[in-house]
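Visitor: Sequences are here, hints too, so could you generate the full structure?
Number of protein chains: 2
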Amino acid sequence: MKERTEILEETFRKLAEEKKYASLRDLMQTLYPADIAAILSDMPEKLMPAIFRLLPKDLAAETFVEMESDVKETLIRSFSDTELKAVIDEMYMDDAVDLIEEMPANMVRRILTQADADTRKQINEILKYKDDSAGSVMTTEFVALTPEMTAEEAINHIRRTGVDKETINTCYVLDEKYHLLGTVTIRTLILANPQDTCESLMTANAISVGTQDDQETAVQMMSKYDFTSLPVVDAENRMVGIITVDDALDIMEEEASEDIAKMAAITPSDKPYLKTSVFEIWKNRIPWLLLLMISGTFTGIVISRFESALALVPVLTAYIPMMMDTGGNSGSQASVTIIRGLSINDLELKDVFHVMWKEFRVSILCGAALSLANFAKLMVFDRRFINPDITVPVAATICMAMFFTVVIAKLVGCTLPMLAKKAHLDPAVMASPFITTIVDVLSLLVLFTLATSILKIYA
Amino acid sequence: MKERTEILEETFRKLAEEKKYASLRDLMQTLYPADIAAILSDMPEKLMPAIFRLLPKDLAAETFVEMESDVKETLIRSFSDTELKAVIDEMYMDDAVDLIEEMPANMVRRILTQADADTRKQINEILKYKDDSAGSVMTTEFVALTPEMTAEEAINHIRRTGVDKETINTCYVLDEKYHLLGTVTIRTLILANPQDTCESLMTANAISVGTQDDQETAVQMMSKYDFTSLPVVDAENRMVGIITVDDALDIMEEEASEDIAKMAAITPSDKPYLKTSVFEIWKNRIPWLLLLMISGTFTGIVISRFESALALVPVLTAYIPMMMDTGGNSGSQASVTIIRGLSINDLELKDVFHVMWKEFRVSILCGAALSLANFAKLMVFDRRFINPDITVPVAATICMAMFFTVVIAKLVGCTLPMLAKKAHLDPAVMASPFITTIVDVLSLLVLFTLATSILKIYA
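Chains as they are written, first to last, in this note's numbering: chain A, 1260 to 1718; chain B, 1260 to 1718.
Hints are not guaranteed to be accurate.
[As the list claims (entries may be wrong)] Facing chain B, according to a computed beta carbon distance under 10 Å, are these residues of chain A, among others:
#, residue
1, 1294
2, 1486
3, 1516
4, 1593
Read the hints as simulated data drawn from the structure, not as lab findings.
Just so you know, even glycine gets a beta-carbon here, dropped at the ideal spot from N, CA and C.
Guide: Structure follows, in structure tokens:
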């Protein structure tokens, strides 16, 4: 893939420099919009708008949509009002809305001025839906049929009006009040007897989402029912748009990236890494680091409290980091599993006791294996090569603390994300870093409690 | 959604118990396969196969595909050979292959015996492709057209043969040796002049993947080009199948779940959590915990080495956990960002220096903010309430160590995943737990080096 793009880029540049615009135009018409966008984005800023202008209207709009927002901005600045209008009129509604959302305010005014009244009205309509709702990602262009139409009439209707619709693979049968009666695929229409009515051909009981529902819910539904487009209805149950499967793929990727960022204690950003400024990256990371650093005060308090006890068995200090890391890793294994399960609907809140019981048994197995392995390592390897002070009671203390730490960590790790969900918070925030901070304190308390009772040392 | 399923389940049970099979059958025909599968899976094992038998052939196959593998197994055990054959013959090729892959060996033999010779041949063909390759997830059923066909002929051809094809939205124009010449959508065919030839209507330069390519590559391509199906070609460039967008959604979800599991040091499993046994969960988690625990030996060695120095300034011990956690969190922020960027193709190997330079600047900002905040906290809060031994040199040592730890953590965190990719290993394995283990050792070394030179204490 890589090389092909580079060769094309070279060819583009050469043709542009030699002013062979007709050949360049012909070449571009054989390429996919995503490829043209990638090549143009890497071109020098002076050449790029000139080459873009060579594209025929529809291909220009499709290519424009595939570009990163900084390239879009450069292009819009170079557009005349007529050019801007041409591109916007050719764009699908959901893409136009995306454009408005990512441009700075002065650009937005210019874009809205150029859009025709009807487009402007629809854009404003969609902009009213809150971020990440189904309404905000839908397109208002879909094929609507009436129940009385025959398959033949329906196909003719699509032929007459379908060119502008984003997808015609699934058509929607609506009553006169725009209520969704059912769906019929183009496949069914083509394979049907031409005289059959849409009502007899359609699948009734159509599945839909509300405009206010979460976009993630919409994608989960499309995945569950294998739809290539999902109808969106308003509060009065009137159909207002569809979400298409290509957007569903993007949304799924975006939501997974967001979850992963949150799990690593980062405020999610929808910009690609290389396009994000150092300051923005810092802003997304530092609040969490500060918060977690300050929660670290509690581990400090515990250790200070037991400082004199620790001075009597200094060898314990050497095992604090290992103990805490093992606790943190055990806890985040559980929390991340549960968070992912909740987010792909494999788990529900009602499973909480089922989950805790399962994690409890897993933690006993993990804790036992780790303690035994650790005991062997301490007595055979560490005592000989690292620290001759390791006695059987010391090793036993460390291993028992390890066992309880793992059990506590797994239970905390599986419970907190479910509590967060119950409290309508995002479970993803309850991932490794928070679990680690809590488990750290608990594991130190366990270690010192066991040390004072087994090794008879007192603070 | 929840309540609706429960009401339906209640109705199913009642109708089955009252032996009102005709009404039950009518009711099921108004539902989606995914819903029927969910309801049947929750039914008592005795009732379930009887209700399943009421489904008409095609709906039965579609419902069967949507079930979890343990329910499928129960059903197959209850099927007569004729029933099994009917379900398999109705299934799409990719679903049949999935079934074979998830069933135990004795079931597989029974299934392959019941499949007709042609189906068996195609299943075996697909099974040869390695796991997670494009070949292993494709279906062999697609609409092939010749370049000379007119739009009208093409539509008639689809009408005659299309019923069995998994998707007819995109058709493929092949030459007599099965080489892919181009694609034409059903939309284009319907909207075209009926006398236009496929050759003139098709988009040439078709994008395809090879059977041996990674399924993730295929999904990234579908997302990039907004395809609803992607052609798969063999080593001789002959078209052998397609990947459909509903499978792409599943693959994307599965790949994100796998990455998330690996980042949390878990061996990924494709079974839902509640269906995975305690022992299997343990097996997926314990090797990593053991490995990480044993790598923890190095932190122990560093602390043991500096034990006597630490005894002179015992207050430092209380800050070791906070230092290590902050280092771990800083490092995993960087590593997780880079891992995700690599996996969604936002980043490439050639960006390595760009990334390091960016992370270096971010780490300076993060390190500075954290050290300053920590210095203020140490002098104002901790000295007064927790530990009166904190002097300015001690606080300065801790904060300088914090600064360097953050810088080192971010650099290690961004570099290791890229090195892993370069070495053809999975970057996701280089996430938080490994970074934390490495950063722990480095941060302790930094702390003790600074402590010995600033506080003049020696091991």
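Visitor: A separate judgement is required for each hint: does it hold in the structure or not?
Guide: Consistency of the hints with the structure:
{"no.": "1", "hint": "1294", "in the structure": "8 Å, holds"}
{"no.": "2", "hint": "1486", "in the structure": "8 Å, holds"}
{"no.": "3", "hint": "1516", "in the structure": "6 Å, holds"}
{"no.": "4", "hint": "1593", "in the structure": "9 Å, holds"}
Going down the numbered hints, you'll see the structure goes against none, and every one checks out.
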